[in-house]
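Novice: Okay, here's what each chain looks like letter by letter:
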Amino acid sequence: MSELDLNKKTSEMLANSKANVKNSKKDFTRPEDELREVVAPDGSIIKINPLYDYFSDEKPKEELPRGGVVEKFLNWARAESIWVLGFGTGCGSIEIPPLVTPRFDMFRYGVQMRPTPRQSNAFIISGYLSVKTLKRVIRTYEQMPSPKYILALGSCTINGGMYYDSYSTINRLDKYIPVDVYIAGCMPRPEALLHGFVKLKELIKAGKAEKANEYARNFDEYKANQKKIIKDWNMPDYNW
Amino acid sequence: MNIYVKLAYTLLGLLIVINWGMLMGATMRKIGARMAGRHGIPFHQPWINLLKNFSTRTTITHGIMYYLGPVFRLSGGVGLFLFMPMVFTGAVDGPWTNFSFEGDLVLILYFQVFGMLGMALGAGEGGHPYSAMGIARGLAQHAAVELPLTLAIVSIAIQYDTLSIYKIVEAQQGSILNWVLFTNPFAAAAIILAMLGALGHSPFNLVKAPNEILIGPATEYEGTYLGFMMTAGAVIHVMEAVLFMNLVFGGANSWLELIVKSFLIYFWSVFVGMVFPRFKIEQSITWFFKVPFVLGVLAILMYSF
Amino acid sequence: MKSFIEKLNSKYVLQEVVYQRDDLVFAAIKKENAIDAITYLRDYEDFTHLVLMSCVDWIEDGKYQLLYLLHNPILKNDIGIKVYIDRENPEMVSAHHLWKSIWTYQREMHEAFGIVFPGSPRLKENFVVEGWDEIPFMRRDFDTHEYAEKTYFPRGNRKSNDPAEYMRKKLYPSQPVTAKQRKDDK
Amino acid sequence: MVDPIHIISSALGVAFAIGIVGKLGKNVTIAVMLSTLAFMAFISLQWFMAFFSGEQETTQIFTAGFKPPISINLQMGFNEALFTLLVNVVGLLGGIYLIDIFKKQSKNVLTVFLVLIMGLNVIIMTRDIFNLFVFMEIVSISIAGLVFMDENLKSSQAGLKYLIATSVIAGMLLIGIIFAYYFTGTLNIDDLIATNLTTIKGGGIVVFLILISIILELKPFPANGWALDVYESSTPGLGAIISAAAATASFFVLSKVMDIAGQEWYYYISLIGAITFIGSNLLGLKQDNAKRLLGYSSIGQLGLLMIILGFRDILGDQTPYVIFGILVSHYFAKAGLFWLSGIVKAQKLTDWAVIRKKPFFLFLMGTFLFALIGFPPFPSFFAKWTLVMELVGSGNVTWVIIVLFGSMLEAVYLFRWFGYAIKGENEHLEVFKIDLHKMIPVWIVALALYAVGYFTAQMTEVGATINFIPLAFVGVLLAIDFLPVFVKNTIAIAGMLLHFYFVYPDLDDIRLLFEVIFIIGGALALIAGYAYKGKRSGFYPVAILMYAGLTGIIEASTTLEFFYGWELMTAGSYFLIIRGKRSMPHGLSYILFSIGGAYALLAGLGMAHVGHTTFGMDILNNIQYLPVWAYALIIIGFLTKTAALGLHIWLPGAHGEAESDVSPMVSAILLKAGVFGLVLVLIGMGAENNQYEMLTYALGWLGALTVILGSIMALFQEDAKRLLAYSSISQLGYIVLGLAVMSHLGWLGAFTYVINHFLYKFILFMTLGAVVLRVGTHNMYQMGGLIKRMPIAFIAVLISIIALAGIPPLSGFAGKWLFYNALIAKGWYFQGVITFISSGIAFLYLWRLIHTVFLGQLKDNHRNVKDISIWFSIPIFVLLIGLLTFSFKPEWVLQPLGNMIAEFFPTGQLTWNGGTAISQYGYWSGSVLGITIGSIFMLILIWLLVSTRKAHKVKQFDITYSGERPERPETTHVAYNVFEGVYKAIWIATIPLVETFWTRVTNLLHDTAGFTRRLYSGDGQSYMLHIVVFIVITYLVIIGG
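Protein chains in written order, with our numbering: chain A, 3 to 242; chain E, 538 to 842; chain W, 328 to 513; chain Z, 54 to 1094.
Note that these hints are calculated values from the structure, not bench results.
Hints are not guaranteed to be accurate.
Derived lysine to aspartate or glutamate pairs resembling EDC-like cross-links, with alpha carbons at most 16 angstroms apart [claimed, not checked]:
(1) A/49 to Z/913
(2) A/134 to W/457
(3) A/134 to W/452
(4) A/230 to W/461
(5) A/225 to A/239
(6) Z/1003 to A/64
Part of the chain A face toward chain Z, derived, beta carbon under 10 angstroms [said to hold, decoys possible]:
(7) 42
(8) 60
(9) 120
Backbone N, C-alpha and C fix where the C-beta goes; we use that ideal spot for every residue, glycine too.
Construct the complete structure from the given sequences, taking the supplied hints into account.
Specialist: Given below as structure tokens:
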């Protein structure tokens, strides 16, 4: 990228964040996100834009399944090896630990926990989701490699549940990220969660769990919804 | 032996080792699950995992060293296999001795680091702080493990007056009482303890330290890269076990013997890991400075006079 | 306790003294004297521990009521100091120099009610919500339902049921409701 | 030929005439006086030339036409001619120097000055003891008078104390003379000698009185406070006269009168000399005033001369040579330094930093200091060499220790002073003014030092022109220092290559190997110099000086030539090291350890020489006198250069703080000089000699401990270059251990290490130096992620750390493999284990180096840095190619090396089958390893590249951060104190015992000096008391005891 392009890009970014600010009443730029200058070893001054410089800002592309027997075989493998990200977002996460106990034992279904999103392909949104957590969820979700699946655990993720009138929790998860499987209840028991996994496996094997592509396809729409409620948006549009 | 025939044997051996490594990993997890009263994963789970990892659709790269990390790791594993005589058939140039220079111990010990180096550099380029922490711990522990291990290996080298694994295995043939385990018990004890650290199970699993520093060096690796690393991990686990088998437990006369012995060796570390919680790095290092170190010194003193 | 309160009253004018329990007293002090009194209680009367600080929105009176609950670990008794401040222009003298833990309480007050504590460290940082641009959300004139409807894509046709009634109807639809049950429900 | 009496007559005449001439004006008077001094100098020179050519015989001049004892007779012989020449020259130059003071003062001062010089001439020439006394009084009074010339309280006090002290001394002398006349009836010295006073009853006391007063004139320690105050407070011009002329004359008097006493006195004179030498140099440590420091140094040098005088029977024919060398160096250097101190006008040592503002003066100061300490090519170097050779030869090892210890102390304070001058803070100091008349004398003495040095060298084997060609090249580079870097660099490289071209056909294999490392490696290192802009003033002369020394030790055919090269190299490398920004303390510790090592080497070579008539290098093969000790001393000398454990503390700072392209020179190249020395010695010791088994065993353990502690220390460094420096210590430990094994495999391993260490440490230091130039910091935690900006540097570092860690298939593995085979064959198991562990630790610190600098997070201010300079890349890549070739075809190098070593260790050779090396324990092939690992690597790489061809390239913060985002690269980069856990486990190994030991030693010396200094209270009474006590004690020891 030439320097001219870079400057243009930077000014666009700034204009965007300014536009955000114009819509709301406050300026949410944190001090650490403001433009800053550092002195290079040779004495020249380097301008740093912390919102742009450190991140790749490309948008996701659809990676369509190739279809055929190979895809079916691979889908079987994906279904039999579901690696769940260990990220409890709300009260429902208390239902996840029992799954590793002898009573429920999710390992026999090929489900296991993984500590890093880079190596997981399933993400459980467990219970209510506050706006603050949503931001982290979006980041984490986008960092997972495709194909990736979301299980929404509990009523709150469907319609807000008992928090439907809270100022800080969202009502409908699928407006912000695509959901493959809903597990209703408040709280659903671990059995219900296991059932959710089985359902997810069916979907994957049937080739219907392509929500990651849906996210890429309707990316702008999802982003608009996300940005509507996350007013201090201080990350790139897509987190690689 | 014809080089092509040898190549064919080597490839076959590699295939066996990779698959045995994965099966062994699955079995260990199964055993762990049964100890906890669970069913645990199916035996074929590692292959599925591998397949799934190779079939991710999107992938990222942090740069050239990020690429080279898994490459170093896997070639380190495969190289370790190539330089190790696997099955003792009574001939120096036998079918399962690979390209091993009769299994030069110095070569093996130094080549172990090759894979680690790749891991270290690749994880470093990933830029994740936990990767670097994991690497720092891993290398430090490796250096600590080498203390009793080297003492014991030098003792064995004095005992048989050779640095060739092939000759060490040859000398242990005949009877079970010819094993280093019985002829040089101190060295064997030191190696058996050092093995725990080398195989990296709890309490010495602070390299990956799952959920403490995410997953250590591999934190940023996904998909195909991870698949490569898992393959390499399978090979390296078997090769570590085979190294100790050759050194202490009389080597193997057939693949079956190799499988049984390496399984038991590997099981030993899993068995200990089931009972003990994770060490901190300084605890881990000082642990090797205590009993294993003394055993190693005794082993050398026993044979140097 | 009583004698102590009288002693305190002679020093600072106490209002609305309520003897809640043997070891718990609430009293209101004027805004100007409050921090002075709290400092005195901490340094001379062994009320060294800040149990909590909270705020109540008396929208009808046009006041916020701040409560500093202090604990005396030697005599094992508590005193709650209430301070009334103006709701339109909420500002209170900061007590951050007395306890570090009060920093967080004051941050919370600031975010949830918009009360300003001049000089309190990290006061303007986010506490529980990020990027909030409405009026402070714990004020009683902030309609959280309306805000949620406006913001979070509510699902229409929402119906609320009394859980006990609903389950009874669902599980035992034929069984009539008895008088005792009706009384219990009340 | 002018009669020497005219020296006196002209001086006296003019001195009286000044009263009249003075009316013609000051300038004329001064001119007359100076021309008189010139005339006097001319007479002496004329006589000196005549004596030197051997045509002239000693003549006696009888005043008043009578023969003694009736008249006073003067003698003019070779010695007298030389000493009067020295006195008159310094008188003339000092006169020129003092012109501005003379102009301010009354004309009587001129008279006094002239009388002073005349008096010195007389006390040199006279053979009459009473005449001697008279003129000594005249000299004392005129000195006191000149001291009073400086009209301040301090100098007046000093002059008074001086006057009182000298009168007391003169009184003693007079009593002695009276008794002497009473006993013998003659005042003629020759007659007195002939009388053999000591045999006469009561004669002993006479001799004692005469000698003690003359010795007291030489200001023995501690009865010398009166003289020191004069040095400190008088004007520098006068200090030069006192130190150079008066002391020289007094010394001559002692040598003349000593014959009266007979041989039993010689020992006591040496003893007094030794006490003075050690004592005053010890006190010199505590001085912070330049002139007083010079005073202590002067007195110390006189002490050394007294030692030599006491040994003149043992030294025999060599006595004049030794005395001449030391005296002349001292004379020129001390005069020059006093004069310099007058020009620079800095009292405190730290203020001498101002001299740096005029670099030429720094050069002068360096010349004088190096001449004082005894570096080649100055006369004192050759004199000290001869002195040590002769002393050891006669079995006086204790005296050698005394001489070397005192010299060591002197070096400490002189180099500390020099360090202040080179590196001290000088922003706040004003530049000094230069007067032409003050410059001329300094110039002349500096030139004279070089000339006399060359002249002295002609009397030894070093005199051969070949040893001076590199030095001449240094001179040329010094002369063209004003040219830009490009030109000088080209000339320097061309000179070195040319030298190599001429030299290499004559060298045997070992020497050729080291010559290639030194000279070709040095030329490669110089290529990086093209990256520098401007003049780079002073770099090329010193760099070439170091290389001159290095090639000198290679080409040396005698031990003297070897030592000559060794000292040149030390001096050159000291100047190179001290060029770094913060390298002053490290430069000091480097030069002190080097000098200490050089003295050990000197003593060892002296012991080696015993029983041999020549100085050929082959005397090392057959040491007859205490061979174990001699070898041990020589080895210690070399170990200071290889930075073995205990002697290593100079290295990290010196290498770490040196300039970017100097670090590879001093690490990859310079350290090999010590290795070369060790190789020579160990060859000399022979493979099958059981006598030295203990020595090699100790050496082996020393090497092993150096290996492990070097790497542990490297683990905890935050500074990239210090890390590499500690790594060098560790690597040199391997080499020492390998050599100590004394077997074919061990030596092959050691030589492999020599080549390897040269290759990869050169690359690493060069690359890191270039990186440091770009990023402006040494601290690793301030770098990071540079792989994105500096791929070339990264590749270089990656390959060389793989080699350094000994990971197959690169060449480090070859060294390790040979090494363990050798150690196990030798039965050194624990050493083997230690070195193995250390290579594990090496991998730790190397990973840290590459990770914290090149991987991880790129820092904001390094976003736009460029890759390393092309001029740095050229040598790096040349050597990288070398490294890879050596890795994949080790047999190309190892086979010839093996053949070479087989000459000394014929058994246990490594056998070769094509590319496969076979030892008794196993076999291995570099090319097969390379092909195997390379092909697997490429296969897997291609597979991965194909399968991830669509990978998305992300940026530095696109990492999984537990749902958050990193805030800054600094807080995301794991770099500071990475091995904290390891430290908690092995902190016990990092206690700096060695450093503590050396600190304690220096503190002890300093405390002793500080305690002794209380003697010098500053008041005249206590100084008189010192004199009395000194006399009493000496009397009790010599006569009463």
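Novice: Run every hint past the structure and note whether it holds.
Specialist: Against the structure, the hints come out as follows:
no. : hint           : in the structure
1   : A/49 to Z/913  : holds (9 angstroms)
2   : A/134 to W/457 : holds (6 angstroms)
3   : A/134 to W/452 : holds (14 angstroms)
4   : A/230 to W/461 : holds (14 angstroms)
5   : A/225 to A/239 : holds (7 angstroms)
6   : Z/1003 to A/64 : holds (13 angstroms)
7   : 42             : holds (5 angstroms)
8   : 60             : holds (7 angstroms)
9   : 120            : holds (6 angstroms)
Violated hints for the displayed structure: none, as all numbered hints are satisfied.
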